[in-house]
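There are 2 protein chains.
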Amino acid sequence: MPTESKVDVLVLGAGPAGLMCAQGLKRAGVNVRIIDKRPKKVAAGQADGVQPRTIEVLQSYGLAERLLREGNQMHMVAFYNPSPNGGIERTGRTADITAPSARYPFEVTLHQGAIEAIFLDSMRELGLEVDRPIIPTALELSHDENELRDPQSYPVKVTLKHLDFGSEGQDDTEIVYAKFVVGADGAHSWVRKTLGIIMDGEQTDYIWGVVDLIPSTNFPDIRNRCAIHSSNGSCMIIPREGDKVRLYIQLSDKDVVVDKATGRVDKEKTKVGPEELLEVARKSFSPFTIEKAGEIDWWTIYLIGQRVAQKFSVHERVFIAGDACHTHSPKAGQGMNASMNDTHNLIWKMTYVLRGWADISLLRTYEFERRKYAQDLIAFDKKFSALFSGKPRTEECQDGVSHEAFLEAFQTFGAFSCGIGIHYSPSSIPSMPNITELKHQSLTSHQTVGMRILPHVFVRAADARPFEIQDLLPANTKWKLVVFVGDIGPGKIKQIERVAKLADDLGKSTGLLKRYEDGVFEILTICATVKECLNYTDLPEVLRPHWSRVLLDDVDMFGRTGGKGYDIYGVDPSQGAIIVVRPDGYVGTVTPLEGVKDLETYFDTFLIRTL
Amino acid sequence: MPTESKVDVLVLGAGPAGLMCAQGLKRAGVNVRIIDKRPKKVAAGQADGVQPRTIEVLQSYGLAERLLREGNQMHMVAFYNPSPNGGIERTGRTADITAPSARYPFEVTLHQGAIEAIFLDSMRELGLEVDRPIIPTALELSHDENELRDPQSYPVKVTLKHLDFGSEGQDDTEIVYAKFVVGADGAHSWVRKTLGIIMDGEQTDYIWGVVDLIPSTNFPDIRNRCAIHSSNGSCMIIPREGDKVRLYIQLSDKDVVVDKATGRVDKEKTKVGPEELLEVARKSFSPFTIEKAGEIDWWTIYLIGQRVAQKFSVHERVFIAGDACHTHSPKAGQGMNASMNDTHNLIWKMTYVLRGWADISLLRTYEFERRKYAQDLIAFDKKFSALFSGKPRTEECQDGVSHEAFLEAFQTFGAFSCGIGIHYSPSSIPSMPNITELKHQSLTSHQTVGMRILPHVFVRAADARPFEIQDLLPANTKWKLVVFVGDIGPGKIKQIERVAKLADDLGKSTGLLKRYEDGVFEILTICATVKECLNYTDLPEVLRPHWSRVLLDDVDMFGRTGGKGYDIYGVDPSQGAIIVVRPDGYVGTVTPLEGVKDLETYFDTFLIRTL
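Here the protein sequences line up with chains A and B, keeping their order. Residue 873 is where the first sequence ends in the numbering used here, and the numbering goes up by one at each step. Residue 873 is where the second sequence ends in the numbering used here, and the numbering goes up by one at each step.
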């Protein structure tokens with residue numbers, strides 16, 4: 263008889279999507295298990311680009327510090343195009359990131375194994391290890407509607423096979439009953455195929471090679487991200503940790519043999535290896551030279567496919583995430599980021615449902631939000647890949663891609679590609695009339711509802727210490743009420759009265775702070791008053807549950823950081839506003855100080871009332 | 263027969279001075295042993311203030327991150343004085359730190375045990391533990407002059423007693439032969455007494471009590487450093503990690519009994535305990551209330567003594583450091599800082615002598631530099647303590663200390679008390695004619711020779727990543743040549759030629775970079791050229807031993823940090839300068855780009871030539 267066990271969430275696949283999911287759920291106290299077919303984590307190569315928004319997300323779990331310590335940073339991008347004298351020449355340098363609100367205005371590059379190690383070590387501290395090497399062999403989902411609707415039932419039966427069990431009569435089969443299953447098992451997802459979910463989209467005929475190496479070169483931009491358009495093909499440089507560099511090298515269909523059945527590169531029949539890839543790169547680099555200093559770390563050849571899964575879940579009990587949902591070109595550095603952000607979106611929702619705090623229908627918003635994002639991503643990737651894989655404009659090739667067209671596209675897509683542009687549509691929270699979430703949007707004219715809370719430095723009232731607000735809004739599964747109380751300095755009687763009224767509204771015995779489970783909300787109060795005048799003790803107690811929860815929109819003691827925060831969010835200091843931040847850092851809604859009723863309406867749509 | 267062993271350096275005492283010393287020597291690869299009489303590290307109380315310069319020093323060893331994560335930060339100071347209506351009122355708030363160049367513009371407070379833990383954990387990673395509980399019982403220093411002059415001899419014989427050895431015939435005595443001994447064994451130093459070193463100075467009649475507690479209070483500045491001058495005595499608030507607060511409470515000689523023989527508070531005869539101290543504080547706080555929320559963590563009563571040791575070493579083989587050399591009032595938060603900076607000064611010098619890289623006479627500069635600092639510290643403390651312990655000026659007491667006088671003193675002493683003002687005199691390097699070190703001071707008009715290298719953010723040429731220059735000048739025992747090459751952008755032919763000449767001078771076969779042991783120098787090159795124009799490959803190779811060693815005086819891609827660096831150091835971009843930074847972060851000398859000969863003269867005075 264195989265072993266049988268129960269678990270709240272079973273995560274299949276320990277790549278970036280699965281690891282993000284497992285660490286977040288474990289951190290939230292959820293009973294979670296994660297398995298992977300690989301005997302150990304990735305050693306080299308694979309994905310390696312972490313976008314600014316993803317760094318913010320990692321920081322919200324306390325994981326960014328190590329990423330920043332170990333990774334390389336790309337701040338600048340250089341463009342090279344055919345020179346009239348032959349070879350290539352630099353046409354310009356600009357910022358790699360074009361989203362001015364990025365807290366981390368750069369991309370971090372670090373090999374996937376090192377990124378996985380950050381998750382694995384933090385999970386170990388929380389008492390969770392990846393079970394490996396294990397593969398799923400069967401998955402059955404109950405058809406019983408009552409069971410499917412009950413978040414405490416175990417409607418998914420998964421059969422697992424342990425790959426490292428010997429043949430001496432040891433049973434390598436195991437049965438797991440799960441409340442929820444997350445299939446984060448990659449582009450060739452077994453879960454997706456087992457569920458019969460179709461991928462929409464197609465293969466392109468763009469063929470690229472990738473080589474990771476330590477170069478010896480006189481190329482002056484080897485430590486910048488570079489887009490090289492040469493008459494001998496395109497090349498992209500991604501500098502990496504230490505002295506490593508990744509080269510993306512455009513190949514022609516003469517170079518490789520494609521297996522017609524799978525649409526993938528036939529690596530056996532293709533005669534191109536890492537040395538041949540480097541030889542192609544050398545032609546693009548001319549007149550500069552590039553040689554390898556040591557062994558080649560990793561290499562691959564691929565055709566770009568651009569596809570999105572038709573569904574991201576079945577009955578909100580089995581989900582797919584990451585590459586299982588979307589595949590696209592790696593060159594804009596999106597893959598791992600989209601994957602981690604998929605499950606970041608799912609963690610708090612699943613936690614709330616498992617705790618009995620929210621209705622199970624909340625989980626529908628995962629597909630609603632993330633599938634739309636994946637579609638946008640593919641649309642972006644189509645345009646970007648075409649520009650990048652196209653021939654450069656030269657005297658002979660007037661139809662080619664001009665530097666200006668490429669640069670414009672690079673900058674236009676910038677906010678999207680760095681992840682800052684993620685914008686969840688209203689009504690993503692179920693049964694919520696659109697109008698309510700956006701009703702008071704004008705109160706925060708620069709902080710869009712549905713986008714991540716803007717980063718900004720405020721000064722703590724009690725001790726004038728500057729804090730990045732995102733660090734006070736961690737991914738701890740709580741909803742944050744960020745109360746911009748306006749200017750309540752000496753003589754601002756009217757505003758002080760409005761704030762007193764807000765405190766009364768919030769403190770009501772069946773009001774917002776009392777009607778759901780304890781621990782849903784955290785309050786952060788931001789005053790538009792300078793530090794010399796305001797005492798944190800001036801605030802009503804409900805708005806300062808601890809001395810550390812009152813901030814000021816002011817510079818620090820040396821004027822080095824902070825200030826103008828009300829402008830950043832577009833809040834009028836004579837009005838104020840309440841910005842409601844979801845546990846994943848996205849703004850749920852905005853209300854005026856008199857909007858506690860609106861907040862009750864908002865949360866009543868998906869939180870389960872206890873009063 | 264007692265066990266006998268040899269060690270290069272024996273450190274006696276594992277408080278902040280001893281731990282700094284041991285970790286630094288171990289990091290430098292020195293054979294070091296550290297013992298302490300306490301069975302374990304300090305649990306609560308004791309010293310707790312880390313000044314801005316000390317944070318910089320800890321950062322140079324890679325130890326600041328944890329301090330900043332665990333500690334509280336004091337950014338603001340508030341002043342309270344007698345109110346005409348009775349009780350106290352706030353007379354102002356200002357920055358706690360008055361040194362505008364401080365990289366960390368705040369003090370960190372954290373209990374001594376947690377600070378010791380940072381050292382202990384980093385030492386453990388390096389393979390070094392404190393041996394405890396052990397006391398020294400005898401110390402003999404050889405009188406043989408040849409032995410004393412030979413850095414490879416073991417002229418110090420120390421007898422140790424293991425306090426935890428049982429009585430069952432186990433020999434608790436051990437003999438250690440050391441090349442050098444550091445006595446970091448506190449205010450009542452056994453080493454100092456054994457060496458017969460006299461303390462100059464005297465006891466004051468200022469008596470203070472200290473209480474560490476978590477308060478419950480309506481006092482609005484409880485999280486700021488506060489100087490309270492009330493008609494009922496003075497009080498200082500030091501907010502601590504978590505919700506803890508330390509109160510320094512002025513007592514009168516009626517409150518305590520002083521033992522005439524020792525000059526210390528007789529704790530048995532004194533009837534004052536923590537509750538009585540809090541009661542005294544309450545009177546100063548009126549009309550605000552303060553109660554303890556939970557148990558009192560730690561408390562003490564002390565008389566301020568202000569003394570400096572006459573000598574800091576005997577024959578440069580046995581040194582004393584930290585409280586063993588200087589005692590003073592704790593209220594300006596200097597003690598632990600002076601202690602750590604004592605041994606920070608000693609680490610690299612001892613390392614160079616032990617490696618055979620420098621003449622043993624280099625060690626004389628320890629006393630020269632640190633004793634002068636200690637004398638300045640006591641002079642500062644006398645003025646500050648008198649102001650702080652004096653009665654406040656009121657209508658009845660016109661001779662009292664006015665808020666204005668106190669504030670002025672607070673700000674005047676600020677640069678000194680935060681450690682930024684430490685200024686080592688010229689000729690601290692032996693046999694060096696004063697003139698040479700200061701000859702070219704005018705080339706860096708804002709970077710004083712003898713003071714710590716100013717912090718500033720520069721952008722790395724190869725990848726436009728911003729870096730704090732102090733992070734590129736770690737305490738790794740190397741001397742850094744920071745070469746401000748000036749503006750070498752397109753068309754700056756003259757400056758480009760000067761830089762080429764400098765590269766030739768540096769590259770000479772018997773020149774600066776070749777005439778001493780390998781590993782003495784690191785080069786960092788700073789160009790006054792914007793990032794869009796300069797390629798790091800434009801620099802001569804000797805000035806870019808690695809792509810990461812070329813910086814630009816420019817802002818980052820978003821203009822958030824960096825820029826105006828030449829102004830900060832007072833270097834003319836059409837001239838340039840070479841700033842020589844000692845391994846401990848202090849500027850040794852400055853020369854023009856043509857000054858390689860001067861540098862050779864400078865280093866020849868104390869480094870041992872190999873060519």
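None of these hints come from the bench; they were simulated from the model. There's no promise every hint is true.
Chain copies aren't distinguished; within one or between two, either way the pair holds.
Derived DSBU-like pairs (lysine-lysine); straight-line CA-CA distance at most 35 angstroms [what the hints assert, rightly or not]: (1) K770 - K554; (2) K740 - K554; (3) K554 - K653; (4) K554 - K776; (5) K754 - K644; (6) K770 - K701; (7) K644 - K533; (8) K653 - K522; (9) K545 - K573; (10) K859 - K644; (11) K826 - K516; (12) K754 - K554.
Values in this document were obtained by computation on a predicted structure and should not be read as measured data.
Each hint, compared with the structure:
In this homomeric assembly, K770 and K554 come within 35 angstroms of each other (Cα to Cα) only across copies, at 30 angstroms, whereas the closest approach inside a single copy is 69 angstroms. Proximity of K740 and K554 under a CA criterion of 35 angstroms is satisfied inter-copy only: 31 angstroms between copies versus 50 angstroms inside one chain copy. Taking the closest pair of Cα atoms, K554 and K653 come within 35 angstroms of each other only inside a single copy of the chain (27 angstroms); across copies the shortest separation is 75 angstroms, beyond that limit. In this assembly of identical chains, the alpha carbons of K554 and K776 lie at most 35 angstroms apart only when taken from different copies (30 angstroms versus 64 angstroms within one copy).
Taking the closest pair of Cα atoms, K754 and K644 never come within 35 angstroms of each other, the shortest separation being 54 angstroms inside a single copy and 45 angstroms across copies. Proximity of K770 to K701 under the C-alpha cut-off of 35 angstroms is restricted to the intra-copy arrangement: shortest distance 24 angstroms within a copy versus 74 angstroms between copies. In the homo-oligomer, the alpha carbons of K644 and K533 lie at most 35 angstroms apart inside one protomer (28 angstroms), although the nearest pairing across protomers, at 82 angstroms, exceeds that limit. In this homomeric assembly, K653 and K522 come within 35 angstroms of each other (Cα to Cα) only inside a single copy, at 25 angstroms, whereas the closest approach across copies is 93 angstroms.
In this assembly of identical chains, K545 and K573 lie within 35 angstroms of each other by CA distance neither inside one copy nor across copies; the values are 44 angstroms within and 70 angstroms between. In this assembly of identical chains, the alpha carbons of K859 and K644 never lie at most 35 angstroms apart, being 45 angstroms within a copy and 61 angstroms across copies at closest. In this assembly of identical chains, the alpha carbons of K826 and K516 never lie at most 35 angstroms apart, being 58 angstroms within a copy and 53 angstroms across copies at closest. Proximity of K754 and K554 under a CA criterion of 35 angstroms is satisfied inter-copy only: 34 angstroms between copies versus 68 angstroms inside one chain copy.
Of the numbered hints stated above, those contradicted by the structure are hints 5, 9, 10 and 11, listed in ascending order.
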